[in-house]
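Hey, can you work out the whole structure from these sequences and the hints?
Residue numbers (the working numbering), protein chains in the order written: chain A, 1 to 110; chain B, 111 to 228.
If you're looking for bench data, these hints aren't it; they were derived computationally from the structure. Incorrect hints may appear among the rest.
What the hints assert, rightly or not - Pairs of lysine-lysine residues, derived as DSS-like cross-links and limited to a Cα-Cα distance of at most 27 Å, are as follows:
1) B/175 / B/162
2) B/153 / A/106
3) B/162 / A/47
4) B/186 / B/168
5) B/186 / A/106
6) B/186 / A/47
7) B/186 / B/153
8) B/186 / B/162
9) B/186 / B/175
10) A/47 / A/106
11) B/168 / A/47
12) B/153 / B/168
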Amino acid sequence: QSVLTQPPSVSGAPGQRVTISCTGSSSNIGAGYDVHWYQQFPGTAPKLLIYGNSNRPSGVPDRFSGSKSGTSASLAITGLQAEDEADYYCQSYDSTLSGSFGGGTKLTVL
Amino acid sequence: EVQLVESGGGLVQPGGSLRLSCEASGFTFSSYWMTWVRQAPGKGLEWVANIKQDGSEKYYVDSVKGRFSISRDNAKNSLYLHMNSLRAEDTAVYYCARGWVVAGNDYWGQGTLVTVSS
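In structure tokens form, the structure reads like this:
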């Protein structure tokens, strides 16, 4: 099982705001390690969406934002669009499992 | 342009071996940690292993320790994953990715499918 817990699915209508949570513990997020987020479309490789908790790589729309507090982190998507429908994964270093990923969240745009 | 191209996947019997390769281009390969991540059919991402720039540090997920070995050849801009004693549960698409968890994996290859089945 993943040491980072994400909801299996979230959904929202176009234009709405959705958030995806990533809950960790004192051995990963709570220990101060950064959280990164990835977006993956079916049949394709993951893409880095947010790094270092809240930073966007070049080319990622500012509709995507990340935050971290305590032992948890969140990915927020505002102005939801149909093309945002994908799987989203959080990642953080864990003192027992190095490069842990969350279990992933499937975003459905209604 | 940064490119990562995996190869070496295929069908292998349980207990067999396979070597995956990842050829890098478009960046100074020797300056980056590198990572292997896998994804079983219909499942989430699983970190497998990573290796420091000079190969002096290597880390593995518990389920592959003693069976898989990560290595690199900086002169050939190539990353490898040597997989032995393969099991059905190793069936997955294997991705190589630049970087490691501290700063995120910013570039990924297209993946290579490994199927372990008799």
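Hints, verified against the model:
no., hint, result
1, B/175 / B/162, "17 Å, holds"
2, B/153 / A/106, "11 Å, holds"
3, B/162 / A/47, "22 Å, holds"
4, B/186 / B/168, "19 Å, holds"
5, B/186 / A/106, "38 Å, violated"
6, B/186 / A/47, "25 Å, holds"
7, B/186 / B/153, "32 Å, violated"
8, B/186 / B/162, "16 Å, holds"
9, B/186 / B/175, "26 Å, holds"
10, A/47 / A/106, "15 Å, holds"
11, B/168 / A/47, "24 Å, holds"
12, B/153 / B/168, "25 Å, holds"
Going through the hint list in order, the structure does not satisfy hints 5, 7.
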